[in-house]
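Here the protein sequences come in this chain order: A, B and C. According to our numbering, the first sequence holds residues 1 to 158 in order. According to our numbering, the second sequence holds residues 1001 to 1638 in order. According to our numbering, the third sequence holds residues 2001 to 2401 in order.
Hints are computed from structural coordinates only; laboratory data are not their basis. Check each hint, because a few of them may be wrong.
Sample of chain B residues at the chain A side, in silico, Cβ under 8 angstroms [as the list claims (entries may be wrong)]: (1) Leu-1195; (2) Arg-1200; (3) Phe-1270.
Within a straight-line C-alpha distance of at most 30 angstroms, the following computed BS3-like cross-link-like pairs (lysine-lysine) qualify [as the list claims (entries may be wrong)]: (4) C:Lys-2259 / C:Lys-2387; (5) C:Lys-2123 / A:Lys-143; (6) C:Lys-2134 / A:Lys-19; (7) C:Lys-2145 / C:Lys-2108; (8) A:Lys-75 / C:Lys-2312; (9) C:Lys-2387 / B:Lys-1113; (10) B:Lys-1159 / C:Lys-2357; (11) B:Lys-1621 / B:Lys-1409; (12) B:Lys-1143 / C:Lys-2361; (13) B:Lys-1436 / B:Lys-1251; (14) A:Lys-6 / B:Lys-1545; (15) B:Lys-1100 / B:Lys-1110.
C-beta: ideal position from N, C-alpha, C; glycine also.
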Amino acid sequence: MLVFEKTFLAEEIEQLIEKYGNARSALLPILQEIQSKHRYISDYAQQEVARHLSIQPVEVYSVISFYAFLNSEPKGRNIVRVCKTISCDMKNKISIVKAIERELGIKMGETTDDNKFTIEYTNCLGLCDEGPAMGINEQVFTKLTPETAVKHLHEVVG
Amino acid sequence: MENKKNGRAPVSQKPHRIEKPEHPEQIGGSVRIQINEKELVVPLGTTILEACRDNQIHVPTLCHHDDLCIAGVCRVCVVEVENMRTLQASCAFPITAPIKINTATPMVRKARKHIIDLLLSEHYGECYSCFRNNNCELQTLAKEYGVDHYNFGHIEKPKYKVDTSSFSVVRDMDKCVLCKRCIRTCIDLQEVGVLEAVGRGDETHIGTFLDKQLSDVICINCGQCINRCPTGALRANDPRDEIWEAIDNPKKHVVIQTAPSPRAAIGEEFGLEAGHSMTGELNTAMRRIGFDKVFDTNFTADLTIMEEGTELILRLYNALVKGEDANKVPQFTSCSPGWVKYLEHFYPEYIDNLSSAKSPQQMFGAVIKTLYAQEANIDPADIVTVAVMPCSAKKFECNRPEMVDSGFKDVDYGLTTRELAQMIKETGIHLPELPKSEFDDPFGNASGAGLIFGATGGVMEAALRTVVELVTGGKVEDLFENANITPLRGFEGIRYVELPIAEVGEVPEMYKRYFDTWDWLKGATLKVAVAHGTANAKKVMEDIKAGGKFSECHFIEFMGCPGGCLGGGGQPIPTNATIRAKRAEAIYAEDEGLPIRKSHENPHIGYIYENFLTDGPCGHKSHELLHTTYTKRGEYIA
Amino acid sequence: MEKTKERNGKVLFSNYSLGEGVRKALSLSRDDILFEVKDSKLKGRGGAGFPVSTKWMLAAAAIAEEKYVICNADEGEPGTFKDRVLLVEYPELVFEGMIIAGYAIGAKNGIVYLRGEYEYIRKSLEDFLEQMRKDNLLGKNILNKEGFDFDIKIFLGSAAYICGEETALIESLEGNRGEARNRPPYPVNTGFNGMPTSVNNVETLGCIPHIILNGGEWYNTLGTEKSSGTKLFSVSGDCEKPDVYEWEWGITINELLEKVGAKNTKAVQVGGASGICVPKSQFDRKISYEDIPTGGSIIIFDENRDMLKVLKNFMEFFVEESCGQCTPCRIGNTKLLEGVEMIENEEYTFSYLNKLKDLGKTMQVASKCGLGQSSPNSFLSILENFKDEIFSHEAGVENGK
Ligand SMILES: Cc1cc2nc3c(=O)[nH]c(=O)nc-3n(C[C@H](O)[C@H](O)[C@H](O)COP(=O)(O)O)c2cc1C
Ligand code: SF4
Ligand code: FES
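Only chain A is shown next, with the shape it has when bound in the complex (with noise of 0.2 angstroms):
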């Protein structure tokens, strides 16, 4: 990381405490913030976040890792969640992640070299009358088909 960069990092989560305190509760709110922001949490973030919250980095590695949603490696711009659970697997959610691989031209945990998306699964999106389901960062979409699921893939990014 450049040393500008880790400025801009280090005002940015000056930033977070002052909008949700310094206390452990804290914590979670404030990884969400640097996650949805980078769509990761690097080391260098999440020792500023446990030097403001007076606890060890480790225990913030370690809340980072118990999160689906959080993560401290690098992930694409835009992080793609297909549901795996029972009713949307039922719904043909395969075809769903078929057809976003070849699209991308990468595989189910992976991102594409551009940086743009990284594809995953997630466990139930309580979308289950409405599968397949797909989250795009904050937005979900549901009743996908193969070709309505790439062609919102292209739409968030614009």
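Starting from the structure of chain A, add chains B and C with the ligands where the hints point.
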């Protein structure tokens, strides 16, 4: 509750206990319960496990540890509580109502067996190639429940790489049972915070920050996690092979020094109750193993007192009389390498407060490869120095790059009490049966002051015995009965003592080149403190930072491990408060029986200053050999 | 968000206008409310079915500086989405339920723990809360009730099914891994930040305003003897009209299938992955606390489904979603999944499967929290109820794979 520097532990790992009443005998303070049909009355809030133990009812445990807060995760200790649908973890269940407990129903027995089977199915490795063979809680459970085959299969390939990166602690996560004792030790007991649970579900494991290797994160090497690990997942980095090789090599002159704590604990490795001092037997054993010389680290503990004590006097003189370097008071002890590394990481701005005197182990190494080599006429290149220590951090300390003042690596190997016991067993010796013998000359037997270094408060007591006598010219015995400075003893986490200096005496010869009167100390009150375990050290440091009462201390003893060295990370397993107290008793008893109990009265110390370190304590020569520098490490993990 | 669908129901999906419930509640005393809820015999809708009035009375009786009302909107059980519908279409019910709970137990703070997957509805909820503040339904001296202050915050999860378990949820709120706590002490004594806390499901809270308006007795006339009132059902799987429905407790599975247009149904999973799988022969069973209790997830499988694949999907879910702290659940679920794979690969023996069933029973009693205690349910019920299909290799078409 949160975010105080002294309360950073995750709440989940804190005991959500129900506090026991102060007076359980009063009405409402106790509950009447039944365990296995037996009627009992227990104080409100007693856990089922405590109630069972108090009544000699055996309940197996795994994640539970007396020193640590409650986890309730292994589920081995489950029992049946009448009218509850599920089994309850006895270690985590506080009794608040009259309940009926059954500790041995078919359901309980089956559940425990299943849990043990499950743990074994993921436990890679074989007992006979494990250093915890015969002292493993998982093995004991397997035996207790008659495991004779793997009910749910057995993992065939290791999942993790053994992390041997640290000089001190080796982590073999394939043997981990996820009891989280190491986490609770590291985060809650020591408040260092290197280890935490990482991942979730079947991927859960104990990890470091970003799963880096141990040498790359802020581990202080205290090894307390090793002492509390129920299995062989954590162990010390074992140098036995290299040491055997050196012993077997006729060209090498292998010298061993032993710290005070191992002798007070090593008997436990041979089946003795805690609290048997084995000094004489150990000396014989080490000779039979093949060490060429057996020295007492207490000798350099005495030397440390002379150096550190003098350094303290000089710091005080500079601050009080010359008005210089006032920030270098209080002086902090530096003989605990766990504490030193802790300070370097977490309070690097205070490294100037650390005494520059090396620890006794490192002083001895330097002395052996210089003065001793010269006197004994041996090429120091052929000398191998081994240090038997109660400590895993000593292994790191002897590998610090700056510890080469003799021109060689001052101490070649740090050996823990456990590892020495192993070498003794390999030699075919049963330690308790050996005849006693003395330490070797030229350093001979040391003073009781050096000996009590092993217990928390001991360094301070040893220092005061000397400093008080040097300054007042009187006898410690006049102030404290039998020279036992009892306010400094015990296991209270932090102790604070004030000592008024009413009278001053003659300035001894060796200090005349600094000043010729003690008048500047007359009427002063010496303020000292003792803290053991880094969690307590942290409290003191935070107080100092905030300008509290400890910032006005003159001298503070810090020990990285709870209980001091006798509770060190290299000591026999298991450990708990009772065991540590017994080890301390053994140490203090031995001190009382010694003819010389003050460092400055040790004739060998006089000899060394007369013949080698001729410019006296803290003089030029001793600075070259016996003092060191520290590194501002900070908290950032690259 | 707009109400997108016309919904009909006797309680939750009946007519309601914002503020009614709270207004009525504030005209009553705290005890009156507690008794009203007691009379309703309302049980928690999050799955455990604990009587709401008992929980509230304990929380009300606890003495503390702060108390909390937490709305459990972590809805992670596979096949459950009724809480989402309530939050999107009937937020007033849920929020008013929280306010009334706060009033009854003496809490000033409400927290909605919203699962990370529902982040997209957060904004509309925040807006709604803002409006409620303007209407003095939140904030200080609510509806001019002197001394009654209450406000609601939304806390977002980050995708962990276990955080729906109330103590894990509290851990998560406190900034920790969502690992279930030891109990006792229970949250009603020692909850969020060590303070008395009542954690209630979205739907449970949603019922409250109606109960207050129409009386506990009225509510109790609905449903069955031991299961008062109505229940929201999240129906998905092989049927024509997957959706959320409000029906009285006591509906049989047959009736239910009929209503949602399910045909050729072979099996119904009641209660999500942690529930049980009911075979056709038992479709006359009633959904109620007396017979088959549930948090409301109904997943329908028609004759073409391979039940082993279904089971595998569930077990994979638990292996991933276990918090991983306790032995029976962490390793037990892995073993059960391995067992399913053995069947799949025809590498099983019946004696080993019997061992696994036995293990499942241990997990049900020895696990630390409800996840491990209920995760073997589908393993046990599917292997028992569908053994003919599973072990005689008549498995039909794959599940859409
Ligand atoms: C693994 C697990 C997941 C749970 N998930 C939820 C959930 O998503 N929503 C919920 O309301 N309750 C859930 N619960 C139940 C809660 O622990 C708790 O009983 C409930 O929130 C209490 O509210 P109620 O009494 O209104 O049902 C879950 C329990 C377990 C063991
Ligand atoms: S039962 Fe499962 S989810 Fe619950 S505490 Fe144990 S490991 Fe965690
Ligand atoms: S010893 Fe009680 S759960 Fe582990």
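Hint numbers contradicted by this structure: Checked against the structure, the only hint that fails is number 3, while the rest are satisfied.
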